[in-house]
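One-letter residues, chain by chain:
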Amino acid sequence: MAELKHWYMVCYDIRDPKRWRKAYRLLEGYGERLQYSIFRCWLSQRDRERLRWELEKVLAAEDSLLLVGMCDRCVQRIPSYNRPESWQVRGDRFRIL
Amino acid sequence: MVMMADPIARQDSVRVSALHALAYCPRLFYLEEVEELYTQDAAVFAGRRLHVELEQQEDAQWQDLYLESEDLGLRGRLDALRTRSGQLIPYEHKRGRAHRDEANQPQAWDSDRLQILAYACLIESALGTPVAEGRIRYHADNVVVHVPLTDAGRAEVRQAIAAARALRQSDLRPPVTVNERLCARCSLAPVCLPEEARLAHDREWEPVRLFPADDDRQVVHVLEPGSRVGRTGEQLKVARLNQPVELFPIRQVAQVVLHSYAQISTQALHFCADQGVGVHFISGGGRYLGSFDTRQGSIQRRIRQYQALTDGAVCLRLAQRLVMCRGQGQRKFLMRGQRSASPAVQAALKPTIAQMQAVLKQVDRADSLATLLGLEGKLAALYFGALPLLIGEKVPPELRFDGRNRRPPKDRFNALLSFGYALVFKDVMNGILTVGLEPALGFYHQPRSQAAPLALDLLEIFRVPLVDMTVMASVNRGQWDVAADFEVRGPQVWLSEVGRHKFVELYERRKEETWKHPKLGYALSYRRWFELEVRLLEKEWMGEGGLFAQLVLR
Ligand code: SF4
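Protein chains in written order, with this note's numbering: chain A, 1 to 97; chain B, 1001 to 1554.
By construction, these hints were calculated from the structure, which means they are not laboratory data.
Note that the Cβ used here is the ideal one computed from N, Cα and C, for glycine as well.
Some hints could be false.
[Stated by the list, open to error] Covered, in the sense of this in silico footprint (three residues per stretch, anywhere, with C-beta under 8 Å from a C-beta of chain A), are these stretches of chain B:
hint: 1; region: 1073-1087
hint: 2; region: 1132-1144
hint: 3; region: 1494-1506
[Claimed, not checked] Facing chain B, from chain A, some residues (calculated, C-beta under 10 Å):
hint: 4; residue: Tyr24
hint: 5; residue: Leu26
hint: 6; residue: Glu28
hint: 7; residue: Ile38
hint: 8; residue: Cys41
hint: 9; residue: Trp42
hint: 10; residue: Arg46
hint: 11; residue: Arg48
hint: 12; residue: Leu55
hint: 13; residue: Glu56
hint: 14; residue: Gly69
hint: 15; residue: Asp72
hint: 16; residue: Arg73
hint: 17; residue: Asp92
hint: 18; residue: Leu97
Chain A on its own, in the form it takes in the complex (with noise of 0.2 Å):
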């Protein structure tokens, strides 16, 4: 029960811009935008089930959208090999400003 969370990397490739627009602005509050189309989320798997249904809502049969769960040793690899911007890790559980 006690609600795990997980790293997730979402992918779409979206056809019409509005579509993307939106798919884009509803992945902000949900996560860390890596790439032009590619977001990375810390996600428990209610969030996950959410994140898919709001999705669905805005996704047409032509678009496509790849979810991958990773799990922490894939994560820890990460920096090994890429950039060292590519996956910063994340911060305390709370901030001050």
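For this one, chain A is given, so just place chain B with the ligand on it according to the hints.
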């Protein structure tokens, strides 16, 4: 085809989905229907997605249809209704797998079966057409189960509706289900706390940590005066002077805490309310000002709270527990300090610790809140009288103190304590609002200006572990700059902006630390504990008491 019903009958009728909940677990039905608690777990969203996907499929042979029958006292929305050789057949789509009987044949789960029967009866009654069967499609194993509607089935549905109506009138929350497997898949487990409820009934029982999840969303403190919090798309935006704008995905934020004169836009406020993000205001002087929160709890919960907390005996019992909890915490903290202290200090602490123990013994015998207040006063005087002994030799004189004072604090140590208590108060308040209790009705503190009594009550539990210990440790570690971290105005002392920044950091780090709950037997972070304690308090008057205010350090 939509049937409108008059509002009175509507209120009286039962939703088909509520019958499903009832068949699953009566307590689930009660929590949803009477206490109006809903949490949306992964399955709920996945189910909705399935529906969106089904809608997008080309052959729209199906439709969704709202029906109500006054005669049956039932209403509901059908997933799909198809006509097969002149017969109306209701369909229900389920994401999961079907139940398998001994012969490994797919069958409907009991609650699903009742649900589809209820739909079939609803169609018969509302549309006046006979229905021979309903079908459930389990998408995970891609099977369709046929459920024939017989007279026995019709009687079963009528019985379930009667049972639902009776339970709706009842004052008693049904006990947790005996089938633990149901809880593991139940969307309301995080608020139902089945493990803890079972424990309350049976102390020998080993909990398997079904405990609701830790909220690991961020708490965003905005300290810099002149900062502005706004909304952009699905993000919160914090703009500060001469600094790049900071963006926060809304779903990663738990609370926004605005210190001194940070601004927040109305759009951002609405957004936060919408997403269940607490917004709290703390003055520049470190006083808790208030919260913006629209998470009003269900009226049922609050009525229960009123009923319980207007009963003097209940209040006294809870207050005793509270005074005991805080007093023991204070005493244990002194004992901890004693272990590492010099022989002289050890000797000086000894009589206080013994006296505190003597006072604590009287707590259970106190017969009024006034007596209790007296005992609490004695404990506090003993504790704060001895606390200066825990301050290390190397600590500069400016950071020493001799006793508690507040409003306004007159020395640096008291300024630290006061600011810390304000932060805890804020988190306690956030917990109360999340759970949906009424902060203005407490059991110990009397209503006073500004401060909400229930939050003041609960604050007592957290003072020592979250503030006193944090302040003492940081002072002894020499973490404070006597000049830069404080502002001294005549006899009054406040934390400066730098000082507050430091303190918030220390406090938030402390919240990350975990404790093993002495009664529940598992470890949790303090951050999680605020909400837990409120939920355990609520259980006190729901017949599952005995777990509230048991947090005492060892
Ligand atoms: S968690 Fe268990 S006891 Fe509580 S409502 Fe759900 S199924 Fe019933």
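Here's how the hints hold up against the structure:
1. Against chain A, the region 1073-1087 of chain B contributes 0 residues with a C-beta closer than 8 Å to a partner C-beta. That does not satisfy the three-residue criterion, and the hint is violated.
2. Here the region 1132-1144 of chain B counts 0 residues with a CB under 8 Å from a CB of chain A, which misses the bar of 3, and the coverage is violated.
3. Here the region 1494-1506 of chain B counts 3 residues with a CB under 8 Å from a CB of chain A, which clears the bar of 3, and the coverage holds.
4. Hint on Tyr24 of chain A holds. Least Cβ distance to chain B is approximately 8 Å, under the 10 Å limit.
5. Because the smallest distance between the Cβ of Leu26 of chain A and any Cβ of chain B comes to about 6 Å, under 10 Å, the interface hint for this residue holds.
6. With its C-beta approaching chain B no nearer than about 5 Å, Glu28 of chain A sits inside the 10 Å limit, and its interface hint holds.
7. With a cut of 10 Å, the hint placing Ile38 of chain A at the interface with chain B is violated, because the nearest CB-to-CB distance is about 15 Å.
8. Interface restraint check: Cys41 of chain A against chain B, minimum CB-CB distance 8 Å, threshold 10 Å, status holds.
9. Annotation: interface hint on Trp42 of chain A holds; nearest CB of chain B at approximately 7 Å, less than 10 Å.
10. For Arg46 of chain A, the interface hint holds, the least distance from its beta-carbon to any beta-carbon of chain B being 4 Å, beneath 10 Å.
11. For Arg48 of chain A, the interface hint holds, the least distance from its beta-carbon to any beta-carbon of chain B being 7 Å, beneath 10 Å.
12. For Leu55 of chain A, the suggested interface contact is upheld, since its CB lies about 9 Å from the closest CB of chain B, less than 10 Å.
13. Given hint, Glu56 of chain A at the interface with chain B, holds; its Cβ is 5 Å from that chain's nearest Cβ, closer than 10 Å.
14. With a cut of 10 Å, the hint placing Gly69 of chain A at the interface with chain B is violated, because the nearest CB-to-CB distance is about 13 Å.
15. Contact between Asp72 of chain A and chain B, as hinted, is not supported at the beta carbon level, the nearest pair being about 15 Å apart and thus beyond 10 Å.
16. The restraint placing Arg73 of chain A at the interface with chain B is violated, with a minimum CB-CB distance near 20 Å, outside the 10 Å limit.
17. With 10 Å as the threshold, the beta carbon of Asp92 of chain A comes within range of chain B, its nearest partner Cβ sitting at about 7 Å, so the hint holds.
18. A least Cβ separation of about 5 Å between Leu97 of chain A and chain B falls short of the 10 Å threshold, and the interface hint therefore holds.
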